[in-house]
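Can you build the whole structure from these sequences, using the hints too?
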Amino acid sequence: MRDFWRSFSQNRGAVLGLLLMVGLIILAVTADIAAPFSPIEQYRDAFLAPPVWMEGGSFRYVLGTDDVGRDILSRLIFGARLSLMIGFMVVALALSVGTTLGLAAAFAGGIVDIVIMRLMDVILVFPSLLLAIVIVAILGPGLFNAMLAVSVVILPSYTRLVRASALSELARDYVKATRSAGAGTLRLMFAVVLPNCLAPLIVQASLGFSNAILDAAALGFLGLGAQPPTPEWGTMLAGALQYYQRAWWVLAFPGLSILITVLAFNLFGDGLRDALDPKLKR
Amino acid sequence: MSVVMQATDITRHYKVGGGLFSRAGVVKAVDGVSFTLEAGHTLAVVGESGCGKSTLARVATMLEKPSSGVLRIDDQELRPDTEGVLGRQVQMVFQNPYGSLNPRKTVGAILMEPLSINRRGDMKAREEAARAMMAKVGLRQDQFGRYPHMFSGGQRQRIAIARALMLGPAVVVADEPVSALDVSIQAQVLNLLMDLQDEFRLAYLFISHDLGVVRHIARDVMVMYLGRPVEFASKDELFARPRHPYTQMLLAATPSVDPAHRKVSVAIRGELPSPLNPPPGCAFASRCPLADGLCREVRPELVGGVACHHV
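Residue numbers (our numbering), protein chains in the order written: chain A, 1 to 282; chain B, 1 to 311.
Hints may contain errors.
[What the hints assert, rightly or not] Dumping the calculated PhoX-like pairs for lysine-lysine here, alpha-carbon to alpha-carbon at most 20 Å:
1) 15(B) x 28(B)
2) 136(B) x 124(B)
3) 65(B) x 15(B)
4) 105(B) x 176(A)
5) 65(B) x 176(A)
6) 124(B) x 105(B)
In short, the hints are calculated from the structure, not lab data.
Structure follows, in structure tokens:
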């Protein structure tokens, strides 16, 4: 563990990512206290108020207000809560289903393996956003359905990863030893093989987090994800599109939030991979 | 003399290839092997790479089902799905001590795992059993909580042996247990195996290609060639009077430190025939100095401990 931290902390980008991540998580958890206003309360006296450092801006609305007078800062803070939840839910869903499918494919082999892996190939064939749109179109727009769609889209990468590492672990002698001690298949799967496949999975999950946030935001932007007035970053972007010449802040801050969050998770994931993979160590 | 394991005419065949346009071939990795193991004694299986030794080991531990033939423990047939005490009577020690221990578990957890899988005893009893076994194989008590990567190869092999004994098996199949260790450690591990054999009256099926090791530990020796036994004899008999020409060549190929003991080396020429397409007669005919027409056409049966037309 100490070893791991040393090689992780050598990577400055990764530490920056981790700090941003922790900051975001704290903001999201304490949104009720941290945000100055309710995210859906409309202040009729301040439509499209500019941020504080611009002419006409005030400290009341630090990052300005949007077209119906909602405080953008508050919406962003509550949006962070939503985005992190989306990322977490999507990754958790894809991770659990993908792990189960991958392990099943690796252990069963034969026809089960072929069916599962070809199914994953079929999912991979479609451009991810397009497939997500199709799924949401079938299920109907909404935050939950968007998360479901994104999970399906990123499922193959987890399944393939788990299957590949499970296959290489299965060939090792300690698995045979446990088997000849009488261990059942479920025990072999989850108690013996899975813990030894975790390192690449953790990396994939932390990188997948940012992907999930990005995809969910894209669905929100297209009007297929979270519905207004939910303060979801992608949805905020979509609502602000028509004001971009008059009030750039309505558009810029949600976009920046997405950028920073995705960047933080990617940096963190990259650092994690470098630290966990001995082959990449200097 | 108490027979604990009896294998009758074990075969293990693999289908290979067989794509859309090619017919599947059959590799007869093990083809008609019979042996018995007695409590407290060691049967060594020797032969060069690819002769089916390791396949035999996997079949004997029921990690793989034999294609045909019967394996009996105490007169009860053993199958891969045999449950309970009978199913755990055969345990295995692997060749590579770096791959045979779960890297994410401590030594204690590795040793207790077989017990918890089989729901034997409670946590306290398991830990006691594990610590007692550690003492028996020469590991210190403070190593209970350490991970495998903190140990040397010889110590790892001790852990692997301890794990194999945790369930109190009657038979231990050892697949080249010392060939990954350096020579000084080999002797320690071999002596440990022999001490444990005496203490628990274990029967060993000892797979090896190292005749020096075999000479040290075995009572009986089976020589295999291309999936079939070619000679079966007691150790003393085999080393003093090897009968099959292949055995003679194997013995001659063993290096000796003492110049007086160096025999005229009879080099084994040629390659092992492909197990996909074995010759019709004696499998060794292509490399045998004694081979004649009969050898190339009729396969010799194992009679009186040796399978050769010229003995």
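- Query: Any of the earlier hints contradicted here, and which numbers?
  - Reply: none
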